[in-house]
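Engineer: One-letter residues, chain by chain:
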Amino acid sequence: MIPAVVSLAVLGAIFGVVLAVASQKLKVEVNEKIGAIIEILPGANCGACGYPGCSGLAEAIVNGEAKIDACVPGKSAVAQKVAEIMGVTVDNIESERKVAQLKCNGGLENCSDRFVYEGIKDCKAAANILNGQKSCDFACLGFGTCASVCPFDAITMGENNLPIVDYNKCTGCNKCVVECPKHVLELVGISHTVHVRCRNTEKGKDAKSKCKVACIKCRLCEKNCPSEAIKVVPPKVGAGSIAIINYDKCTNCGICVEKCPTKSIHFIKDTICSEPTITKQSPEKKGCAACPAAAACGREV
Amino acid sequence: MTKLLIIIVSAIFVNNIVVTQFLGVCPFLGVSKKVESAIGMGAAVTFVLGLASAISWLVQKYILNQFEIGYLQTITFILVIAALVQFVEMVVRKFSPSLYNALGVYLPLITTNCVVLGVAIININENYSIIEAFTNGVANALGFTLALVLFAGIRERLDFANVPKVFKGIPIALVTAGLMSIAFMGFAGLM
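Chains as they are written, first to last, in the working numbering: chain X, 1 to 301; chain R, 302 to 492.
So that you can see chain R by itself, here it is in the shape it has in the complex (with noise of 0.2 Å):
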């Protein structure tokens, strides 16, 4: 149970995968222009990162471990993700048309989004047990919706502010990305 407390905290705040680990930034730029949107994206890819983390796990144990074919574990990975997010999406287009509209175009992105492999790959790394990588996929998930959200309300309020004219836009956004990081970074003490 300690161990779940401690992935859990280290994914959302120590190790944040957007901030920290610098995994799925092109989202995080992307779609930070409303708060909404971010939400959105957020819980799209908690869904599917909860869902990918404990497939691929399987998949290593009972594919790759079994044949001892751990060299194909990227490509491997990337087809169980991109099926995977495929099969989610007829699913929920079919049972529950409101989450579908509401998750809307931020499904197939998470296809190409490399937090899903990254945290695929992280759970393997670190042997966790199939429980764990649940967990950590859902608290990295989370890691990156709070990451994601709190960008998204600073860049909606940034987008009243007197900036210069040539950091309007993307650079501006970059420097507050950047300044964020550092924020982020105090929490390497807390473990």
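Here chain X stands alone, though its shape is the one from the complex (with noise of 0.2 Å):
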């Protein structure tokens, strides 16, 4: 009995010295500052920073090498709140949101498939085969890669098999434009509300043979554009061209959409950028509430 008493609260006496002492020989100092931009960054650790969490960023941030408002998600408000612990001032942080805009209509009904795909279901997998199954080279291929690697939940898959982005949810993290091998989706302001959804930049008849909504470069849109911001152009990689919103100077007027002959130029006005030819599905009620970065956001919940 008393030498397992003893024994045993020496044992436990020795490692709890050790412990104590090593803790406070082997003392990491890590800056204050550090620990306090952790707490207010949104904590989602969404990667949209380009650093491996938001304790990643939080050290770039003190070391230099990360700007003020990096923090994507966390916009404005974050950053001035950083900008304070570090003691500098900001002046001009971007102040409106961006959110992702799908720039592809070719859902099931409008481009059909070449073939049957089997395989993985995954976007970039099925990407990797032959371009892709659907007829167009520029079409969703529909998968949901964009929607699984949404960390705010804001993409799910509608019926017609092109993804729905939620405004309330999204954040402009950039993760879905990245991922998306067709490069289907872009960062756009979140009040703009004219968009154009077609990327194939091939001639109007190849075009329009592929897919129902397909941009036939008429030009229409851009003849009668008052403030000259819809222009055919080539795009900024490939060949061919497209009709392209330079969103500087779109004013929303929408006389683009109405002169569209293929119906490509699209008027999304509600928070869901919802499909046209479907009815409008209401988000799956989740993931929001329970973000640690609804706080920061400063959405409705």
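Don't read these hints as lab results, they were simulated from the structure. Where hints are given, some of them may not hold.
What the hints assert, rightly or not - Okay, derived cross-link-like pairs now, EDC-like style, lysine to aspartate or glutamate, Cα gap no bigger than 20 Å in a straight line:
1) 27/X <-> 390/R
2) 335/R <-> 65/X
3) 395/R <-> 59/X
4) 469/R <-> 137/X
5) 334/R <-> 122/X
6) 25/X <-> 390/R
7) 304/R <-> 427/R
8) 121/X <-> 457/R
9) 210/X <-> 137/X
Both chains are sitting in their own frames, so use the hints and assemble them into the complex.
Structural biologist: Pasting the structure below:
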């Protein structure tokens, strides 16, 4: 009895003392600012800033490697607080928040499949096989890779096999844009409501033969635009041409939407970027309420 | 030397700690979603298990056996392992931040890992010498890593498989674990 109690107590005491001494001797100096910034950051670890998690960004900010406003979902509110901690002032924090916009309307009905794809249900895998199963080389493949990478549950796949983006939840973290093998998603300021929902740069006849709602490069939009915002020009990458909206000039007047003969330009007012050809679905009620970034987002839950 | 070789092969394949002895199933299921994290966990376990085997052997020989209090083995070993993991974490953090980042959350997880306690007790039950105990510890950890990495590889592919909805996630993982266990039973004829 006695030796048992004594030896266990002594052993425990020795370990306790060793650990206590070690924790003092081996203390790692952590910059206080890092901890303070971690507190302020949303904590969703979405990776939109390009650093591994919020703590990674906090460290990068303190080391001067990252900008004060690098946290995309946190936006200006977080940037201001971070600036206070770092003791600097920020003037031009981008105020308008960006959301992901779909630039394709080639869903099940509008754009047919060239062959039956039975591989892994993933856009990247599908895109590796003959450029995807869609007739149009530029079309959304519809396997929902964007929906699965979205850390905020903002993207759901609609009945038409096109992603539906919930603007209330989208933080503009850019993850879906990067992951999409077909590049049909783009970040656009939320105030813009007129969007070209086609990326096909082929000639009008070719494009139209593949998809009912393709841009046929008729230039009606360009001719009718009062503010010279929409132009049929070559894309940034690749040959051909496509109607592209200069969002700096666009006034959301909607004239091009009416003039477009193939209805490939859309007027999207809802907070959900719904698929026009199907009835609007209510978004699933999950995610945002549980999201640690909700408070920093400052949006309704 | 032959005995060490037998210990190594036995620990890695024949008596694999996870799929044959069913110890450490919690990390086996919990940290096997990605091969990367599986390797991290395996490295951390190897590190701790090698140390813990040697130190628990010393504690058994010079404290428990000396005072004839062998019945305190379990609590003493837990104490030793917990303190050891804490200490190792501090040392690694101080002297090798890159290793600390790599092992990350897995180090503290090992404190309550039954693999470590199990192997420490097996070492004593088998009457191993300190070198054999250390070898057994490292070999068992390698066996754990092997099972974990194989399982993580299978689970990564399972994510893309057309699994019936009710089986998605953990259920199919458990079925897979069972099949893996049966496969490892094939090594039983080796010795």
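Engineer: Indicate, hint by hint, whether the structure satisfies it.
Structural biologist: Okay, the hints, checked on the actual structure:
With a C-alpha separation of about 11 Å, the suggested pairing of residue 27/X with residue 390/R holds against the 20 Å cut-off. About 29 Å separates the Cα atoms of residue 335/R and residue 65/X, which puts this hinted pair outside 20 Å; it is violated. Simply put, residue 395/R and residue 59/X have alpha-carbon atoms about 17 Å apart, close enough for the 20 Å limit, and the pair holds. Note on residue 469/R and residue 137/X: the hinted pairing is violated, with a Cα-Cα distance of about 32 Å set against a maximum of 20 Å.
Of the supplied pair hints, the one linking residue 334/R and residue 122/X holds, its CA atoms being roughly 18 Å apart against a limit of 20 Å. Under the criterion of a C-alpha separation no larger than 20 Å, the hint pairing residue 25/X with residue 390/R is consistent with the structure, at around 13 Å. Between residue 304/R and residue 427/R, the direct Cα distance comes to roughly 12 Å. Compliance with the 20 Å bound is thereby established for this hinted pair. Taken as a hint, the residue 121/X and residue 457/R pair is honoured in the structure, with Cα atoms around 14 Å apart against an allowance of 20 Å.
Distance hint between residue 210/X and residue 137/X is fulfilled; the C-alpha atoms sit about 9 Å from each other, no more than 20 Å.
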